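Work out the full structure: start from the sequences and follow the hints.
Just so you know, the sequences run in chain order A and B.
When you line the first sequence up against my numbering, it's residues 14 to 448, in that order.
When you line the second sequence up against my numbering, it's residues 20 to 953, in that order.
No wet-lab data here; the hints were simulated from the structure.
Source: prediction; values computed, not measured.
There may be inaccurate statements among the hints.
Cβ-to-Cβ under 7 Å is the rule here; a few derived chain B residues that face chain A [said to hold, decoys possible]: (1) Gln-134; (2) Leu-194; (3) Leu-207; (4) Ser-208; (5) Ala-209; (6) Leu-211.
The C-beta atom is built at its ideal place from N, Cα and C for all residues, glycine as well.
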Amino acid sequence: MNVPPLSRRTLLQAAGVSLALPFLDAMRPLAAADPKTAAADPQTPATTPARALFVYVSNGVTNEGWYPKATGRDFQLAPSMSPLADFRDQLTVISGLSHYKCDTGAHTGGDCWLTGQNPNAGGRGYQNGISIDQLLADKLGEATRLPSLQVGRFSGAGSPNNTGTIAFDRRGTPLPCESSAKELFQRLFVTDSQDAIERQEARLIQRRSIMDELLGQMKQLDGQLGVADRARLDDYLTAVRTAEKQLERDRSWLRKPKPAVAKEDAPAEATGMPALYQILFLAFRADLTRIATCNEGLEQDSPRHQYSHHGGREENLTLMADLDRESLGHLAVFLKSLQDAKEGDGTMLDRTMVLYGSSLNNGHDFISGTSDTHSHTKLPLLLAGGRGLGIKTGQHLMFPDDATPMSNLFVSMQSAMGFAPEPFKQGKAPLAGLM
Amino acid sequence: MSLAFLSACLASAVAADPVATVTAKEPLLQKYCVDCHGGSNPKAGFHLENLRADADDPDSLNSWKLIHEQLSFATMPPKTADQPDAADRAALLDLSRRAVSAGQRRAHQADGMNQARRLTREQFANSLRDLFAVPLPIGGPKIGDPARPTIRYESNQSFDTMMDNPFAKIPEDALVDGFNTTASALSLSASLLTHFENSISTILGWADERQAAHWRMTFLPLGAPGQLDAEEAGRWQDGVLYDLVSGPPGTPAMPGWRVLDTTNRPDRKRGIRPPGPEPMKGKPGKFAEKPKSDAALAAAGSGAAIKPGKRNPGPRPVWEGAFPDQVMGTALRLVADNKSDFSVSDRLVWVIGAHERPDQPDARPYGRYRMELRLKPILPADGWAGPVGRFRVAVLAGGEDSRNIYFLKDIEIVAPTTLTVEYIVGPQKSRGIIPYINVAPPALPEPSAGEDPVLATARQHRWAVDIEQIDLTGPFPIVPDSHRPPLAARSGDRTAMTDWLRPFLGRAWRRPPTTAEIDHLLDFHGRMVTSGSTPSEALNATLSLALLSPNFLYRLEGQTPGGPADRQLNDHEIGARLAFFVWSSLPDAELLGLAASGRLHDPAVLRAQVRRMLKDERAYALVNGFARQWLRLDKIESAAPDAKLYPRFSGALGISMRDETLAFCNEILRGDRSVLELLDADWTVLDKRLIDFYGIKAVGPWNDPIPPLRYSYMDRKPGPPSNETLYKVPLRREDRRGGVLTQGSVLVGNSKPNRTSPIHRGTFLLKSILGDKLPKPPADAGMIEEKSPGEVPQTLRQRLEQHRRNPTCNSCHERIDPLGFALENYDAIGLWQDRENSGSGDKLFVGGKIDPSGRLPDGRLIKDLNSLKGILLDERQRFIANLAGQMLTYALGRQPTLADEPEITAIRDQVLAADCRLSALIEGVVVSRPFLTK
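Encoded structure:
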């Protein structure tokens with residue numbers, strides 16, 4: 014599925030011709046978007062990365078506007094998806110998947126969308142687990158400057174059961190979102206002064222020394238601890254070791270130049286979805302990261318929340334559908350950027366999976382009905398792009414039997430990213446028909 | 020399963036612990052349990068043969084716990100099987116309780132019951148606040164709630180500030196077992212550790228040396244720029260001359276702070292600012308007329324020759340209104356105008372200046388500043404006829420998320436005086452910090468005819484004051500000198516570092532450091548210096564190391580090898596438990612001193628300390644931590660009644676409801692009142708919004724507002740309640756309020772968006788108030804049918820009664836529903852209703868008359884709300900025992916075990932014997948065995 018990248022040498026050998034052969038996009042590591050830098054280092058293994066973005070929209074959608082009537086290849090986009098009309102053949106509308114065990118009755122949507130587990134299941138309180146984006150980031154290892162990127166319309170992590178982020182690490186700790194496109198742009202694309210780099214490096218070295226020292230100290234403490242305490246402090250040790258690795262990674266990237274981005278590519282607005290999408294596009298294009306999440310809103314954020322308890326009222330359903338369309342309009346601009354960016358013999362969209370959707374459904378059987386509550390079944394989901402990763406796009410996949418866990422999709426997404434798929438929460442098998 | 024085997028197990032338990040005298044009744048297990056839970060295919064995989072009464076085997080202890088739980092919920096034996104009679108059930112319960120209790124006792128002695136646990140986010144933040152004496156906002160912004168202030172700030176500092184929140188990225192700790200202090204949930208991940216590291220590093224940066232400079236701002240007469248020379252003109256701006264009085268080499272002549280004489284209140288009608296570039300983003304005031312051209316002004320003789328300089332000073336336009344807020348002659352004149360329609364405040368606020376931030380993050384002038392304002396009020400001597408006003412001085416900062424925090428200092432000014440304001444400019448996000456002057460005008464007579472126009476305007480606008488000169492000194496380090504390493508330590512002197520580190524570590528680690536530990540840190544310092552750090556940087560790294568070590572981040576207890584067999588905590592550990600319990604922070608000097616002298620484990624000393632600590636402002640942490648979580652106030656924060664059905668509800672109202680309960684609990688704490696007032700009281704604490712909403716005819720006197728729960732600059736203003744002040748309000752019978760059960764926070768937090776929920780309310784009463792445990796509803800419990808539009812309105816009670824016909828449901832609902840129905844007279848937004856109102860579709864049905872009565876399983880009749888309260892007060896033993904158990908859970912980070920139950924009973928009895936005062940409860944918890952042992 015994962016197309017092996019072409020090496021420049023292979024091409025040269027095959028062609029046996031001139032050195033004037035253009036340096037193809039597919040051979041260029043995108044981390045070095047500046048052609049001069051890339052050309053200067055022909056030894057760098059060329060890669061065409063696979064990427065995944067997860068965009069969460071809170072409180073579900075207006076079902077009537079969302080679900081296409083027909084299934085399979087001959088589906089027509091429903092009204093809310095009209096902004097995506099140009100991308101119909103790049104879309105996979107996926108209907109009927111559920112997070113069965115997540116039905117807590119509460120507004121626990123974004124908390125479980127990518128973790129596929131009910132954080133309130135234990136009966137004692139909140140405990141979440143790893144989200145699929147973080148699993149993929151772990152598998153990708155150190156290929157990029159950032160393991161993953163979390164952005165959202167609100168900054169921070171929110172509260173348990175009203176999460177501000179959809180990304181959770183192995184311990185189930187929420188990874189806070191950044192909402193300022195302005196700050197992100199500064200941090201990711203604006204070259205620091207030599208002075209600033211040196212100060213950052215000094216600080217990284219200092220932090221690294223502290224972590225080393227902490228590990229050393231723990232050995233002394235270890236002999237004095239009881240069993241339960243040792244278990245708690247193992248947690249601590251693991252955290253220190255992991256943080257140390259991250260510091261190493263930061264340091265190894267510190268002196269590599271940040272990708273060059275033209276000034277006019279900077280987002281026009283400081284915050285908001287269009288600006289965040291622009292950052293995500295730039296980050297993907299420069300191969301700063303291959304995994305990202307974007308949280309468009311919180312479950313208890315009005316007005317989506319208010320409209321979602323629609324009680325069958327036409328007014329609410331219409332207002333919600335308007336918001337759906339607006340949201341997909343932003344997505345469409347992003348998809349267009351990906352599609353316009355050539356990469357290898359395709360476009361960036363071909364090798365990017367954008368999963369858009371919600372973890373709540375405000376109706377039943379794909380209609381809104383008079384429902385006044387949310388459920389975690391028959392979730393509205395839309396996968397855009399990924400044709401080059403083996404996704405059979407341009408179809409409406411329907412799972413009407415109410416028996417397919419959404420986590421099956423996460424199993425398939427691992428394959429699409431080029432990894433041997435492993436079971437993920439309730440997901441034990443690939444999603445039929447997707448690849 | 021062999022009977023002999025079970026007997027042998029139980030017998031060995033007896034031998035190991037005389038508490039576990041489980042001998043005679045074990046045939047009961049044989050009689051009721053083994054049929055299913057024995058043999059080759061035990062039900063639910065639960066096999067009694069694996070059961071041993073040996074506490075060293077955690078599996079057996081867990082099995083006994085399960086048996087006990089199933090028996091106490093009466094979920095076992097199942098209804099389809101032979102049921103034990105009352106005597107047998109009691110005997111079974113007793114058997115299992117003793118087995119569990121004995122097991123827990125032994126586990127406790129072997130390894131302690133309390134695990135090492137990391138500090139919660141609040142404990143971490145409060146500890147750093149106290150370690151460095153910095154006023155820190157606690158907790159990150161709560162997102163998605165516009166009415167909620169970003170900053171919850173608790174401090175007894177003499178000044179206040181807006182700062183960037185260094186803890187904003189630390190995620191909230193989840194509630195597990197009802198509280199965020201639960202040890203098993205306080206895990207640490209690399210990302211969290213990194214956030215901790217960043218917070219620590221930020222705060223350590225606030226202790227770094229800063230080089231202060233002193234600038235003076237002088238107000239010039241309007242024509243003045245004409246007389247300035249070229250150099251002075253470079254320091255002139257909008258009628259103000261900026262002087263650098265003193266400062267280290269390289270200090271710029273301009274302070275990076277400048278006078279603005281405009282208001283930043285967009286709702287201010289008459290805000291006027293001088294011409295020139297707009298000083299800050301924001302809405303400028305309204306020009307009465309367009310500024311005249313330079314030529315026109317020059318012709319009129321009011322202009323000045325334009326001098327070269329960085330800024331073109333320009334002439335001043337003429338403003339409508341005789342007495343505008345602007346630079347007037349030799350002073351900045353501020354005139355109060357209480358005709359403005361301030362929605363937040365009936366006082367006026369002038370922004371007198373702002374710090375400007377250069378774009379380069381490293382050049383930001385952050386730090387502590389001191390501003391001296393030379394003020395001259397307009398007094399009767401100036402022809403002023405009215406009374407003299409009150410000054411309030413506020414420091415405000417506008418951050419990127421535009422929520423503000425204020426500092427207030429009321430000063431009455433009757434003569435020219437110099438006012439000193441200290442404030443902090445945070446280093447990170449905020450764009451500017453703006454010291455405010457706020458004039459609070461008293462009621463004044465209307466102007467008389469023929470009065471001097473200037474004075475008439477002043478009178479009409481009520482009050483005026485001149486700022487004649489402003490002195491600005493700074494930046495100083497944000498951390499005060501008393502809490503910073505001295506210069507000698509910063510320059511790497513080993514003795515000085517040792518002398519400073521020893522008490523610092525003693526506070527941070529809640530125990531004296533050993534010499535080896537200090538040496539270890541100093542060696543690290545030495546290595547950092549060797550590898551190129553400056554001694555000062557190395558010291559910060561060393562302090563980071565100390566604060567990231569488990570000695571600070573974790574609560575480690577009883578790890579002395581060969582510690583006492585009863586797992587008694589040492590005095591320092593007791594001090595830490597006490598401080599984290601009551602203050603959510605570190606022990607203070609007095610606690611550390613008592614621990615060092617070995618007196619803290621003495622119950623009399625502990626009780627005295629609790630009483631002392633409860634008087635400290637930091638004790639609000641008990642309300643904000645314990646009470647908030649116990650009463651599940653997070654539910655009101657996220658409550659979303661349907662706006663169509665209940666248009667009177669708003670987010671702001673929800674916050675008022677939350678604050679009512681927080682303030683109510685805080686008053687019980689501050690006044691050391693009876694905890695029974697939580698159940699019923701003839702007073703509550705309300706802001707104006709809730710007084711109106713509840714429809715309470717509240718009468719003053721309004722001169723003793725409740726201390727603020729959150730900072731707004733209206734806090735504690737004497738006068739009638741506003742939406743920002745809270746008052747203790749006496750309740751009359753006809754108000755139908757009193758106690759937390761009748762407060763909006765509980766009623767709305769436990770309702771559905773479109774109707775009440777007797778089940779949620781009843782469950783809250785049963786679990787949170789009475790402390791009953793309920794099994795999880797069975798998977799097939801089913802839902803209460805929602806009404807469909809057009810259906811003949813049926814009351815919720817009728818629908819619930821259908822549900823209860825199912826015996827599986829009824830076993831719990833016969834306990835829950837009567838409690839919940841007694842509160843049915845309060846609708847989904849907490850208003851009194853005589854007939855049921857609930858929504859269906861977009862219509863609010865007014866249905867049948869509310870019947871609040873019900874019968875408890877034991878036969879007691881609940882007639883209505885008052886009889887419910889009566890029953891709860893009769894059940895005070897259960898209520899207080901539950902409160903003690905909840906408090907222990909919060910304090911210990913674990914749920915009480917069966918082995919702790921005698922201790923809880925003892926606490927309960929102490930409370931009952933002490934008129935149920937809250938302090939007795941807290942003291943009882945603190946001197947109990949679970950609190951004093953690992």
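Evaluated hints:
1. At about 4 Å, the closest approach between the beta carbon of Gln-134(B) and any beta carbon in chain A falls short of 7 Å, and the interface hint on this residue holds.
2. At a threshold of 7 Å, the smallest CB-CB gap from Leu-194(B) to chain A is about 5 Å, leaving the interface hint in force.
3. Taking 7 Å as the C-beta contact cut-off toward chain A, the hint placing Leu-207(B) at the interface holds, the least distance being around 5 Å.
4. At its closest, the beta carbon of Ser-208(B) sits 4 Å from a beta carbon of chain A; the interface hint therefore holds under the 7 Å criterion.
5. Because the beta carbon of Ala-209(B) sits about 4 Å from the nearest beta carbon in chain A, less than 7 Å, this interface hint is met.
6. At about 5 Å, the closest approach between the beta carbon of Leu-211(B) and any beta carbon in chain A falls short of 7 Å, and the interface hint on this residue holds.
The earlier numbered hints are all upheld by this structure, with none contradicted.
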